[in-house]
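Number of protein chains: 2
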Amino acid sequence: MTRFKRSRQRDRIMSLLCSTKSHPTAAWIYETLKPEMPDLSLGTVYRNLKILAFQGKLQVLHSGSGFDRFDGDTRPHYHLLCTRCGAVEDVDLPVQTELEQKAKALLGQRISGHRLDFFGLCASCASEQSHGKN
Amino acid sequence: MTRFKRSRQRDRIMSLLCSTKSHPTAAWIYETLKPEMPDLSLGTVYRNLKILAFQGKLQVLHSGSGFDRFDGDTRPHYHLLCTRCGAVEDVDLPVQTELEQKAKALLGQRISGHRLDFFGLCASCASEQSHGKN
DNA sequence: TTAATTGCAAACGGTTTGCCACGTT
DNA sequence: AACGTGGCAAACCGTTTGCAATTAA
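Heads up: the protein sequence lines correspond to chains A and B, in order.
No gaps in the numbering here: position 117 of the first sequence is 117 in this note's numbering, and each next residue is one more.
No gaps in the numbering here: position 3 of the second sequence is 3 in this note's numbering, and each next residue is one more.
FYI, nobody ran anything at the bench for these hints, they're computed from the structure.
Certain hints may be false.
[Said to hold, decoys possible] Examples of chain B residues toward chain A, derived with CB under 8 Å:
{"no.": "1", "residue": "62"}
{"no.": "2", "residue": "103"}
{"no.": "3", "residue": "113"}
{"no.": "4", "residue": "119"}
Predicted model only: the values in this text are computed from it and were never measured.
For each residue, glycine too, the CB sits at the ideal point set by N, CA and C.
Generate the whole structure from the sequences, applying the supplied hints.
Next comes the structure, spelled out in structure tokens:
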């Protein structure tokens with residue numbers, strides 16, 4: 001795993017990730033690509049996601065709901081985790097750099113980053129709820 | 001699972017959790033209690049952690065490092081996730097309520113909470129590193 | 001030609017669960 | 001007596017991995 005060769009599968013996984021804002025799971029990527037790549041295997045999806053993460057071309061999101069999600073947007077940004085359906089939505093709040101300053105004031109210079117996740121309802125669950133169709 | 005009965009095992013798991021700030025894993029709890037409760041099983045530890053979480057007597061921390069950690073301190077507070085050894089440390093930064101206000105300004109009233117984790121070195125890894133004993 | 005990549009299926013590892021005996025109320 | 005709980009072991013499920021065949025460079 002030192003010098004990577006290109007592969008159809010990896011290219012396609014990356015382009016799919018860049019074309020969506022849905023922060024997909026490995027299973028969703030697999031199922032989405034399966035029709036156009038009938039031989040694709042789930043192991044290949046996982047292997048390539050790992051390589052792409054290692055190359056810094058995607059972010060892994062450990063949402064806590066059991067399975068990981070993957071984000072083709074590698075810029076630091078925050079997320080909303082839907083407490084109803086598990087979806088992940090971007091929150092376009094500027095990165096709050098002062099949080100790390102405050103933490104450093106307490107713990108010293110050993111902070112290297114932070115993650116901030118909001119909990120609540122994604123757009124679609126919120127609209128369903130307000131329409132009373134539970 | 002409607003009306004709980006007390007049990008030796010659950011009481012002990014809870015008291016152990018309250019006596020430590022180490023945010024233990026289920027496996028650590030199991031191994032720590034095993035000497036004094038030789039018949040204890042890991043399944044029982046998991047079952048009781050789940051019940052205690054349901055009762056709101058502990059917090060589950062999805063650190064993202066594979067296994068969950070459990071926190072007997074149920075007050076909202078922040079954590080430092082050690083990027084070297086996986087340990088979890090408390091960060092006594094007051095809860096930043098304005099973060100949710102800012103998020104609500106962007107997304108509307110569908111935010112119900114947030115979690116903020118810092119990444120960096122725990123106290124013990126930081127001191128090892130500064131002493132050059134890598 | 002050489003070494004990374006793939007598909008497949010088996011293995012992994014943290015967590016959950018079915019079963020039946022036991023303990024609590 | 002009624003029913004939650006415990007121990008045990010098997011099942012679960014997202015993810016990883018060993019292997020032989022394929023493919024990129």
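Do the hints match the structure? See the list:
Taken as an interface hint, residue 62/B checks out: its beta carbon lies about 3 Å from the nearest beta carbon of chain A, inside 8 Å. At about 5 Å, the closest approach between the beta carbon of residue 103/B and any beta carbon in chain A falls short of 8 Å, and the interface hint on this residue holds. Restraint check, residue 113/B versus chain A: the minimum CB separation of about 4 Å is within 8 Å; hint holds. At about 4 Å, the closest approach between the beta carbon of residue 119/B and any beta carbon in chain A falls short of 8 Å, and the interface hint on this residue holds.
When each numbered hint is compared with the structure, no violation occurs for any of them.
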